[in-house]
Each structure stands twice: as structure tokens, then as C-alpha cells.
Amino acid sequence: MELIREHPVLEFRHGRLVRFTFEGKEMEGFEGEPIAMALHANGIKVYRETPEMKRPRGFFCAIGKCSSCFMVVDGVPNVRTCITPLKEGMRIEVQRGKGKIKLNHEGDLK
Amino acid sequence: MKNTEVLVIGGGPAGLSAAAEAASYGAHVVIVDSDLRLGGQLIKQTHKFFGSAFERAGTRGFVISDILLDELKGYGDRVETYSNCTALGYYKDDGVVNCMEGEENYFKVLPKKILVATGAQERLIPFPNNDLPGVYGAGAVQTLMNVYGVVPGKRVLMVGAGNIGLIVSYQLLQAGVEVAAIVEAMPRIGGYWVHAAKVRRLGVPILLEHSIKEALGKDVVEGAIIQQISPGCGFIGEEIHVDCDVICMAVGLNPTCELLWQAGCEMKYVPQLCGHVALRDRSMRTSNPNVWVAGDAAGIEEASSAMVEGRIAGLSMAYDLGYAKEEEYLEKLDIYWERLNALRNGETGIKIREGIAQVLTDDFGGNKR
Numbered sequence: 314m315e316l317i318r319e320h321p322v323l324e325f326r327h328g329r330l331v332r333f334t335f336e337g338k339e340m341e342g343f344e345g346e347p348i349a350m351a352l353h354a355n356g357i358k359v360y361r362e363t364p365e366m367k368r369p370r371g372f373f374c375a376i377g378k379c380s381s382c383f384m385v386v387d388g389v390p391n392v393r394t395c396i397t398p399l400k401e402g403m404r405i406e407v408q409r410g411k412g413k414i415k416l417n418h419e420g421d422l423k
Numbered sequence: 058m059k060n061t062e063v064l065v066i067g068g069g070p071a072g073l074s075a076a077a078e079a080a081s082y083g084a085h086v087v088i089v090d091s092d093l094r095l096g097g098q099l100i101k102q103t104h105k106f107f108g109s110a111f112e113r114a115g116t117r118g119f120v121i122s123d124i125l126l127d128e129l130k131g132y133g134d135r136v137e138t139y140s141n142c143t144a145l146g147y148y149k150d151d152g153v154v155n156c157m158e159g160e161e162n163y164f165k166v167l168p169k170k171i172l173v174a175t176g177a178q179e180r181l182i183p184f185p186n187n188d189l190p191g192v193y194g195a196g197a198v199q200t201l202m203n204v205y206g207v208v209p210g211k212r213v214l215m216v217g218a219g220n221i222g223l224i225v226s227y228q229l230l231q232a233g234v235e236v237a238a239i240v241e242a243m244p245r246i247g248g249y250w251v252h253a254a255k256v257r258r259l260g261v262p263i264l265l266e267h268s269i270k271e272a273l274g275k276d277v278v279e280g281a282i283i284q285q286i287s288p289g290c291g292f293i294g295e296e297i298h299v300d301c302d303v304i305c306m307a308v309g310l311n312p313t314c315e316l317l318w319q320a321g322c323e324m325k326y327v328p329q330l331c332g333h334v335a336l337r338d339r340s341m342r343t344s345n346p347n348v349w350v351a352g353d354a355a356g357i358e359e360a361s362s363a364m365v366e367g368r369i370a371g372l373s374m375a376y377d378l379g380y381a382k383e384e385e386y387l388e389k390l391d392i393y394w395e396r397l398n399a400l401r402n403g404e405t406g407i408k409i410r411e412g413i414a415q416v417l418t419d420d421f422g423g424n425k426r
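In order, the protein sequences belong to chains A and B. What the first sequence shows, in the working numbering, is residues 314 to 423, in sequence order. What the second sequence shows, in the working numbering, is residues 58 to 426, in sequence order.
Calculated directly from the structure, the hints in this document are not laboratory data. Hints should not be assumed to be uniformly reliable.
[Said to hold, decoys possible] Only pairs whose alpha carbons sit at most 35 Å apart, straight line, appear in this in silico DSBU-like list of lysine-lysine: (1) Lys367/A <-> Lys211/B; (2) Lys59/B <-> Lys389/B; (3) Lys389/B <-> Lys105/B; (4) Lys400/A <-> Lys270/B; (5) Lys270/B <-> Lys211/B; (6) Lys338/A <-> Lys211/B; (7) Lys149/B <-> Lys413/A; (8) Lys59/B <-> Lys165/B; (9) Lys413/A <-> Lys338/A; (10) Lys338/A <-> Lys275/B.
Keep in mind the model is a prediction, meaning the values are calculated, not measured.
Using the sequences plus the hints, can you model the full thing?
Take a look at the structure:
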């Protein structure tokens with residue numbers, strides 16, 4: 314992971330190291346830290362493909378306001394990965410297009 | 058449905074200060090914040106603050122955040138905090154705020170008083186490929202490196218030489234990242250001279266009357282083209298190729314004001330405050346009698362004044378709920394305004410003073426003087 318090892322002012326206290334998958338590939342990151350940050354530390358910058366122009370997108374604001382970092386997490390689309398904490402075993406995928414919301418029952422979300 | 062006396066939306070410098078002030082008088086406060094940790098942008102600020110001793114000048118931003126959170130802890134159960142919780146909508150007719158914890162768990166809050174302290178969002182300027190991964194807001198770069206210790210990139214082009222552009226450039230250097238250059242469209246540096254001098258001493262060129270023309274790369278940023286711009290804002294001179302993998306945008310912020318629109322607050326576009334902002338009286342109350350505003354959501358300024366505005370809003374909400382006595386309220390209001398005026402004093406405060414003058418109204422019921 315591309316982490317800052319030495320800093321004149323800050324001391325980084327990371328949480329537990331957990332495993333997750335990105336596009337089926339196994340990776341490691343720190344539990345509780347935003348998914349987007351964990352991916353970036355693993356060298357991943359493309360999180361989404363726009364619905365019409367098929368343009369690559371990464372994060373932009375990193376505070377949950379701009380919608381640029383939407384991804385599919387454990388099958389749920391449109392997850393703001395910059396403010397969603399990483400958990401052990403998470404399945405993270407690039408979101409292509411608008412994403413599909415799963416319907417269990419007719420008219421019932423999720 | 059959750060009931061509370063005060064709902065503070067946004068747990069940054071303004072929101073935390075307001076919560077502490079209101080709770081100090083006995084009010085029950087709920088704070089919701091969309092981020093994983095409370096503190097807003099304070100948690101990313103490694104530099105020592107300017108301003109006045111009242112607002113902890115000389116203390117680093119992330120330490121100020123800890124001090125505010127400690128103060129809140131002292132009020133125990135009176136203050137409830139929800140992080141990773143976004144306020145989605147304000148239903149004006151019944152005064153209900155709809156919140157979402159994480160991405161899928163919704164709940165309703167029925168507060169007596171609401172403070173909108175939602176902060177700001179990063180601006181982006183138009184240029185080809187400005188949507189490429191690697192074009193990051195300055196706040197995002199700070200989040201990556203200062204909060205989570207992740208290396209943002211190898212070589213960064215900074216766009217904007219205001220205080221944020223200058224400070225983040227310095228922070229990048231502290232983190233061991235190379236800063237190729239800082240480009241600034243204006244003919245002068247917008248930020249404080251001390252910040253500019255620091256990065257210049259470390260060898261980073263600050264190119265005035267220069268801007269980004271295009272980001273290069275297929276899937277991610279692989280470089281940028283910068284060029285000199287004329288006073289009429291056209292590109293002139295030779296194109297300069299910059300080798301970089303991150304383009305950091307420090308071109309300003311807009312107040313986050315959606316909830317204020319939803320609450321029916323009287324709004325005004327004020328260029329000096331960087332966008333649409335709510336009219337407010339001296340107590341930071343808006344034209345909706347149950348809604349207050351403070352911090353960057355009330356107009357882009359900086360964290361020290363945001364903390365004072367938060368104190369004012371918290372005090373006023375406590376008074377409105379019957380917790381503070383009138384005499385004490387008015388006295389304290391004057392003290393806080395003295396501090397605000399001191400922070401906005403002098404040449405650097407001209408823009409803010411002009412902006413505030415356009416939105417400060419006599420009385421929305423909170424100021425009985």
C-alpha cells in the first residue's frame with residue numbers, strides 16, 4: 314500500500330488490516346477507513362464509468378457531496394465510497410452506468 | 058422518529074461550537090454528520106491557526122477539533138452524535154428532517170430548532186478532461202494524506218494560490234510529495250504571504266496569470282497543459298507541459314445550502330460569500346423562525362469565524378428554548394460579535410464585511426435589541 318511512512322506533524326493510527334475484493338481481486342485495507350481511501354492506497358483510481366459517455370471517474374470531493382465515487386459494494390449500487398467504512402470481506406466493484414437497485418419483493422426496495 | 062430540542066446538521070467547527078454552547082445552557086442536542094468522524098475540515102488541518110486566542114490561534118486544526126469534542130463529552134447524554142449520517146431533506150410543513158445512516162438506513166428527526174452548519178463544497182473550473190480520476194479537490198487531497206495517511210500521488214499540479222492552495226501545497230511537501238507548480242489565474246497571490254513564502258522557499262514555482270488548459274491522460278491523469286492567460290482571460294504564449302499524476306483544484310468553495318432552500322429560508326446570491334446564502338439576523342437565525350445557519354454554509358469564510366458563528370447560533374437557540382436569560386443572552390451576543398468583528402477586521406476582511414452587509418437583516422425574532 315502507498316502510505317505515508319514519516320510525517321513531521323502527524324502520527325497515523327490505522328485500524329485492523331482486513332481483506333476485501335476489488336473486481337474479484339483480493340486486496341488489503343484498514344477496517345473502518347473509507348473504501349475510496351483503501352482503493353487509492355492500493356493504486357486504484359477509477360471507481361465508476363459514466364452512464365452515457367462511458368468516461369472513467371474517481372473521487373473528487375471525498376466528503377460525500379459530489380457523487381463522483383459511486384461504486385457497487387456488496388451488490389448495492391451508488392455507494393458513496395469516500396464516506397463508507399471498509400469492512401472485512403467487502404465485495405467492491407466498479408459501477409458501470411446508473412447501477413441497478415435490487416428488488417426483493419414487488420415494490421419493495423432492496 | 059427521534060425528538061430533540063436542537064438538531065445540528067454538520068459536525069464541523071460551526072456545528073460543534075453551536076452544540077457545545079446550546080448544551081452548556083441545558084438544551085438537548087443531536088448532531089448528525091455525513092463523514093465518518095466529527096470535526097469537519099478541522100481534522101485535516103495540520104497548520105497552526107491564525108485569528109485570535111479566543112478561537113485558539115497557534116493551535117493546529119485537528120487539535121481544535123479534539124478540544125471541541127472533549128467539551129461536548131462533558132455534557133454527557135445531553136449531546137447525541139451520529140457520524141456517517143446524512144440529513145437528506147427538510148419537510149417544511151411538519152418540521153421533520155429525514156436522515157440516512159450509512160447508505161440505506163433511514164430515520165426521521167423532529168427537532169424544535171435546527172442549525173444548518175453543512176459547510177461547503179469544492180468548486181471545479183471547466184477544462185478538457187477535468188473529470189479524469191486524479192483531478193481532486195484540495196479538501197480531498199487533505200483527506201487522503203492528512204486523515205488517512207495515503208500518498209495522493211507522485212507529482213501534483215496545484216491550481217489556485219489562495220490560502221487553501223498554498224497550505225495544501227505545503228502539506229504535500231510535508232508528506233513527501235513533489236509539487237510541480239502552483240498556477241494562479243489572478244495577477245497576485247490570493248493567500249497570506251507567509252504561506253506563499255514557505256512554499257517558494259522550498260522551491261515550488263508560483264505562476265501568476267497562468268491556468269490549466271487541459272488535463273492529459275486516458276483513464277487517469279498523466280499530465281497537464283498550462284498556459285499564460287491575458288487580462289481578458291484568453292490563453293496567450295506558449296503551452297507548457299507539466300508532468301503530474303494529480304491535479305489539485307483549490308479554486309474556491311460554494312456554501313452547501315440545499316437544506317436552507319428546502320426550509321424556505323430567504324436566500325440571496327452574494328459573490329463575496331461565494332454563492333447563495335440565507336439572510337440572517339445578528340443571532341444567525343434565518344427567515345424560517347426555527348432554522349439557524351453558521352459557518353461556511355452561511356458564506357465561505359474560515360474556521361475561526363465559523364466557531365464564533367456557531368457559538369452565536371447555539372446561544373440563540375438556547376435562549377429561544379427558554380434556557381438562557383435575556384440579559385445574559387444579550388450580553389454574550391455582544392461579546393461574540395466583538396470577536397467576529399475582530400476576526401473580520403482589516404484589509405483581509407474587506408470582502409467578508411461587504412458580503413455580510415448584504416445579508417445581515419435587522420431581526421428575525423432572535424435579536425430583541
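### Query
Straight-line Cα separation of Lys270/B and Lys211/B no greater than 35 Å?
This hinted pair holds, its Cα atoms lying about 21 Å apart.
### Message
Would the hint linking Lys59/B and Lys165/B be met if the CA-CA limit is 35 Å?
### Response
The given pair, whose Cα atoms are some 6 Å apart, holds under the 35 Å limit.
### Message
Need the status of pair Lys338/A, Lys275/B: alpha-carbon distance at most 35 Å?
### Response
23 Å, holds
### Straight-line alpha-carbon gap Lys413/A to Lys338/A, limit 35 Å
Holds, because 22 Å separates the two Cα atoms, which is no more than 35 Å.
### Task
For the pair supplied as a hint, Lys338/A and Lys211/B, confirm whether the alpha-carbon distance does not exceed 35 Å.
Within the cut-off at roughly 24 Å; holds.
### Pairwise hint evaluation, Lys270/B against Lys400/A, where the allowed Cα distance is 35 Å at most
Since the Cα atoms of Lys400/A and Lys270/B sit roughly 40 Å apart, the hinted pair is violated (cutoff 35 Å).
### Query
Does the alpha-carbon distance linking Lys367/A and Lys211/B stay inside the 35 Å limit?
27 Å, holds
### Query
Do the alpha carbons of Lys389/B and Lys105/B lie within 35 Å of each other, as the hint requires?
Cα-Cα ~27 Å, so holds.
### Message
Would the hint linking Lys149/B and Lys413/A be met if the CA-CA limit is 35 Å?
### Response
Within the cut-off at roughly 31 Å; holds.
#### Entry: Given pair status - Lys389/B, Lys59/B, alpha carbons within 35 Å
Holds. Lys59/B to Lys389/B sits at ~31 Å (cutoff 35 Å).
Checked against the numbered hints above, the structure breaks only hint 4 and satisfies the rest.
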